[in-house]
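Colleague: One letter stands for each residue in the lines below.
Number of protein chains: 2
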Amino acid sequence: MYMKKSNRREFIATTAIAGAVAASPAIANSLQAGKKQLLHHVFFWLKNPDSVEDRSKLIEGLRTLAGIETIKALHIGVLASTEKREVVDTSWQVSELMFFDDAAGQKVYQDHAIHEAFVKNYSHLWSKVVVYDAMDV
Amino acid sequence: MYMKKSNRREFIATTAIAGAVAASPAIANSLQAGKKQLLHHVFFWLKNPDSVEDRSKLIEGLRTLAGIETIKALHIGVLASTEKREVVDTSWQVSELMFFDDAAGQKVYQDHAIHEAFVKNYSHLWSKVVVYDAMDV
Numbered sequence: 001m002y003m004k005k006s007n008r009r010e011f012i013a014t015t016a017i018a019g020a021v022a023a024s025p026a027i028a029n030s031l032q033a034g035k036k037q038l039l040h041h042v043f044f045w046l047k048n049p050d051s052v053e054d055r056s057k058l059i060e061g062l063r064t065l066a067g068i069e070t071i072k073a074l075h076i077g078v079l080a081s082t083e084k085r086e087v088v089d090t091s092w093q094v095s096e097l098m099f100f101d102d103a104a105g106q107k108v109y110q111d112h113a114i115h116e117a118f119v120k121n122y123s124h125l126w127s128k129v130v131v132y133d134a135m136d137v
Numbered sequence: 001m002y003m004k005k006s007n008r009r010e011f012i013a014t015t016a017i018a019g020a021v022a023a024s025p026a027i028a029n030s031l032q033a034g035k036k037q038l039l040h041h042v043f044f045w046l047k048n049p050d051s052v053e054d055r056s057k058l059i060e061g062l063r064t065l066a067g068i069e070t071i072k073a074l075h076i077g078v079l080a081s082t083e084k085r086e087v088v089d090t091s092w093q094v095s096e097l098m099f100f101d102d103a104a105g106q107k108v109y110q111d112h113a114i115h116e117a118f119v120k121n122y123s124h125l126w127s128k129v130v131v132y133d134a135m136d137v
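Protein chains in written order, with this note's numbering: chain A, 1 to 137; chain B, 1 to 137.
Think of the hints as simulated: they come from the structure by calculation, not from any bench. Computed from a prediction, not measured in an experiment: that's the story for all the values here. You may find that some hints are simply not true.
To be verified - Result set (DMTMM-like, lysine to aspartate or glutamate): computed pairs, CA atoms no more than 25 Å apart in a straight line:
hint: 1; chain 1: A; residue 1: K57; chain 2: A; residue 2: D111
hint: 2; chain 1: B; residue 1: K36; chain 2: A; residue 2: D111
hint: 3; chain 1: A; residue 1: K35; chain 2: A; residue 2: E83
hint: 4; chain 1: B; residue 1: K36; chain 2: A; residue 2: D101
hint: 5; chain 1: A; residue 1: K84; chain 2: B; residue 2: E116
hint: 6; chain 1: B; residue 1: K120; chain 2: A; residue 2: E83
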């Protein structure tokens, strides 16, 4: 991951709020080497694409996934108001992006009871799901 | 964005390497409120999907985009070695994920000379592109 100076500054602000935590030299070294992460990006098409209620319900369900310990960061999204171009897919309604340390971490998430409960309780809301799993180069 | 404690620790390590920078109260406040970001995720299908050389060339081209100032973070990816499931699209070869502060930042990137040079110099490599623009909820 490339991180700009302004982001580094923001993260100092975050950590100042969170309270100081001692940094281990091992972690510092892995970051100096540029730690690669696995990105798991899922797009959902709702059965009722115009239902604000169903969209909110699915978002509520996705928030429960944050309890899975191998997820390093979680973004839940909706369509952004960017320029409509032919290459931009705007047919989905809700997205979920997760960062993992590796494929093993993603597998822990996949088989986790919280994830299974999410599928059980919320899968009636969607008609289609597309998943992209990318590894940082 | 949800960030686990272990990540906060890692970012302290990063900032320690980068050198201390004074955090402004304004930035701290925006982070406490949970700053939402725009995610721009692009998937590329190469004309020669099995060409390691073409894949490397495209990755080289994507790295030049890091010079665009409104990109807050950039991930360049290839297929991860996760479990093959029906919902996982594994037909693409290279991905690019960028974080922007807002749609205006994404538009600056879209019209930027570096981005235009990238399209001019590298678009002969791909046959298809799909873009997803998501806004954090």
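Colleague: Check the hint pairing K35 (chain A) with E83 (chain A) against an upper bound of 25 Å on the C-alpha distance.
Modeller: Measuring from Cα to Cα gives roughly 33 Å; hence the hint is violated.
Colleague: Would the hint linking K57 (chain A) and D111 (chain A) be met if the CA-CA limit is 25 Å?
Modeller: Since the Cα atoms of K57 (chain A) and D111 (chain A) sit roughly 22 Å apart, the hinted pair holds (cutoff 25 Å).
Colleague: Against the 25 Å threshold, does the CA-CA distance of K36 (chain B) and D101 (chain A) hold or violate the hint?
Modeller: Holds. K36 (chain B) to D101 (chain A) sits at ~23 Å (cutoff 25 Å).
Colleague: Given the hinted pair K84 (chain A) and E116 (chain B), is their alpha-carbon gap at most 25 Å?
Modeller: 18 Å, holds
Colleague: Between the alpha carbons of K36 (chain B) and D111 (chain A), is the straight-line distance 25 Å or under?
Modeller: 29 Å, violated
Colleague: Please verify whether K120 (chain B) and E83 (chain A) have alpha carbons no more than 25 Å apart.
Modeller: 20 Å, holds
Hint violations for this structure: numbers 2 and 3, all remaining hints satisfied.
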